[in-house]
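Peer 1: Please build the complete structure, drawing on both the sequences and the hints.
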Amino acid sequence: MAKHESIKAVPTAKDFRGSVSPDWCPGCGDFGVLRALEMACAKLGRENHDYLTIGGIGCSSNLPGYINTYGMHTLHGRTLPIATGAKLGNHDLTVIVTGGDGDGYGIGGNHFVHTMRRNVDLLYVVMNNQIYGLTIGQASPTSRMGMKTKSTPFGNVEAPLNPVAMAIIAGATYVARGFSGDTRHITELMYQGMEHKGFALVDIFSPCITFNKDNTFPFFKQRVKKLEEIGHDPSDMQAAIEQGMVWGDEIPVGLFYQDTSRAPLDELEPVLGEGGPIAHRELGITKEQGDAIIKRMM
Amino acid sequence: MTKQVQTIKEVTILFAGDSGDGSQTIGTVVTDASAIAGNDVSTLPDYPAEIRAPAGSLAGISGFQLRLSSHAIHTPGDTCDVLVVMNPAALKVNIDRLKPNGILIVNTDNFARRNLRLAGYERNPLEDGSLPRFQVFPVELTRLTRSALEDTGLSQREMDRCKNFFALGMVCWLYNRPVDYTIRWIKEKYARRPQYVEANTLAFKGGIAYCDMTEQFATSYEVKPAKFPPGTYRNIEGNMATALGLVAASQKSGLTLVYGSYPITPASNILHELAKYRNFGVITMQMEDEIASVGVAIGAAFSGALGVTGSSGPGIALKAEAINLAVMVELPLVICSIQRVGPSTGMPTKTEQADLLQMLYGRNGESPLPVIAASRPSDCFETVYEACQIAVKYMTPVIFMSDLYIAFGAEPWRIPKVSDLPPIPVTFRTDSEGFHPYLRDEKTLGRPWAVPGTPGLEHRIGGLEKENITGHVSYDPENHEGMIRLRAEKVARIADDIPPTEILGESEGELLVLGWGGTYGAIRTAVEHKLEEGASVSHVHLRYLNPLPKDLGDILKRFGKVLIPELNLGQLLQLVRARYLLEAIGLNKVQGQPFHVFEIESKIDELLKR
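Chains A and B, in that order, give the protein sequences. Be aware that the first sequence starts at 284, since it is given in my numbering, and climbs by one per residue. Be aware that the second sequence starts at 9, since it is given in my numbering, and climbs by one per residue.
By construction, these hints were calculated from the structure, which means they are not laboratory data. Keep in mind that this is a model prediction, so the values were computed, not measured. A virtual CB, placed ideally from N, CA and C, is assigned to each residue, including glycine. There's no promise every hint is true.
[To be verified] Covered stretches of chain A (chain B as the covering partner; in silico rule of three or more C-beta atoms under 8 Å from a C-beta of chain B):
1. 313–324
2. 344–356
3. 384–397
4. 488–499
5. 545–554
Peer 2: Listed below in structure tokens is the structure:
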């Protein structure tokens, strides 16, 4: 008798499209990021229930509502600790965190640094538009000096922070930057970020067409230059930091830095070493497992 | 010389010295030894926030009070029978707590002019006749310790650090405490430094020998074991009981415990204790801040773990927004709130219970969540265990309250049998048929726990208002009011699980003393005394602060007067007055110190016009 094997259809980008349509302004850079993320998930080939997308507060933080995975819309700036907990609870999940520059580099700055230091295995997609959009246009931590916004009517007097260089220094093991105008490129960067075991930052220029008249699509289109074309070696930390500092007529995008030698948090946590994801384990742990853990820790 | 042994019912000993003098250490050791000897014990550690405050200063005095008895006790005692002081500052700070004719053991080597001046003494109190009410035993503790350790080859500084064990030896002789336990403790504690094992053991034995030899001490005292129900007992501090309660709940529920925390007095040692239990699958995360530590617990809860965070008032304030997220997404979460003195940084190492209203109301919007409070060190186990039960049964964050007094205080605890602990049933939803994230259990109104990774149950939760059942974001006015009322109703229904309120004394009468939290011991002792005197007084101690027990209103109305003693300016008082339209009376103290029994007794007398 012929055996009928159930064949799981390979998911396509369409399978990841959520039932709710984004409420972003028409022309917003975040649309490109969402499409690219759907494609990256499809490319990775896992099923919808294997992904967990977590957002903070802000336009881009609404993304988990628009993608067909498990999702959580959390608090302003607090995505990374919650994602860390979710990963500890089930380290089989592919955890994706989405948010903006204000959410991640401003109010969530402390968590940004420390989650990288811990090398938590997740993909962190920051839609960096150099402005607070949902609160209708204040200067953000990545707004350039001199930029006029609602909160800086005479020009921003503060220097912007540099997320790429900062991430490399803080201990992220995959650091990339892209431009929402090039969906194929950011699809690849996000796909690789999910494949990477450890903390992966993909900072994406995602222009706010409503409130940021400086950092527009044409602004980036003219300036972005792929590191692949420059001939950069992502295993060279020094060179990565140097490229991260470049900002001018040319702005490098692509993979700045990758370190595959450091184990992610879930591999170092003794409790997670045995028995698979804790959410799926049998009640408690066996005596043998317990003894093994103690032995390893002594 | 024959020495007499006299049997006494109880004794209260207070060790006091500089914060580096080791009073906490020897206090803890003799407490454990006494608990093992079968006495009932109750302790009050009282120390400054500075790790090493200036030596000899009044501010730097660290004290450890221990009461041990052959009968049941609920407090560490208002006053002490024995006061051991290492310097003049310790004498000045604590002498008012020594009973008339009490034993005062003084390290005279530290009574040089400089130390006297630091303590604000113009003349030496040992010589100016200002201590006639006490039996003073001047002992050259430093010199005697040095001579006992002569042959150890230790530096003088190292020898001096052993003098607390000399003092402990004296107390052990005086009160016939078992010596084996202490010797074993020293051996384990300094296992990696054999020279310190030898030195501290010598100092300890030196103290015993000194009392045995010298004519200063003619009588020693014996406190017989107390009568406890049969079982296996251990001595336990509140925070240790809290940690064990969480581990027990994790084991009984089959959920892995993920405890997120950030160092803060007096909650830190829950983290320290839990960090040891990797063998029970416990994951502890010391996060970068208070907000991250509650965040990690919420994320873990979403993934199907038992998410717990712990802190004290200032840290809970930082966590408030995230706790509210848990209220909104209806995930189980336990928040341990170990109170200390506020406002702001306040007095971090002192006790108070002024965070009740913060726990009940300190969040934006209508944010109902259950709040329960432990009343004694050992009660922390059961109470935090119950917090976990409520959290997973009703899919809600639960606040477990304790306070510094019971968190650091110790008492004997009968170790429960795991099989006697109530079960904590947990079901993860796996059936995708008819699934919605905010479907409601008819009885509890709890929603299903559907963990990411489960095929077919993909859903999204978040802090925005949502439509009931489907969980879709909704700005509909009627829906919002409905959800507000539904979340309140869910928490109100927890009252169905609350057992009938226990009353000490008659169930009606002239006066009811109503308390909550760490004031249990003082209130219970005061009411017991007054009952013995024939007064018409009863005691109710609340574990459930939200929701309140259903029978509380009726109980309160059966008494002529209701007295609510609290270490705040009347927070439960406000609640009871508002809820039951009752003229309850407050007894309020905010000095960073627990109630003395006599303070409650005299208020009872005043109200009963005795």
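Peer 1: Now tell me, hint by hint, if it's right for this structure.
Peer 2: These are the hints, each one checked on the structure:
1. 313–324: violated (count 0)
2. 344–356: holds (count 8)
3. 384–397: Check passed, 4 qualifying residues.
4. 488–499: violated (count 0)
5. 545–554: holds (count 3)
When the structure is compared with the earlier hints, violations turn up for hints 1 and 4 and for no others.
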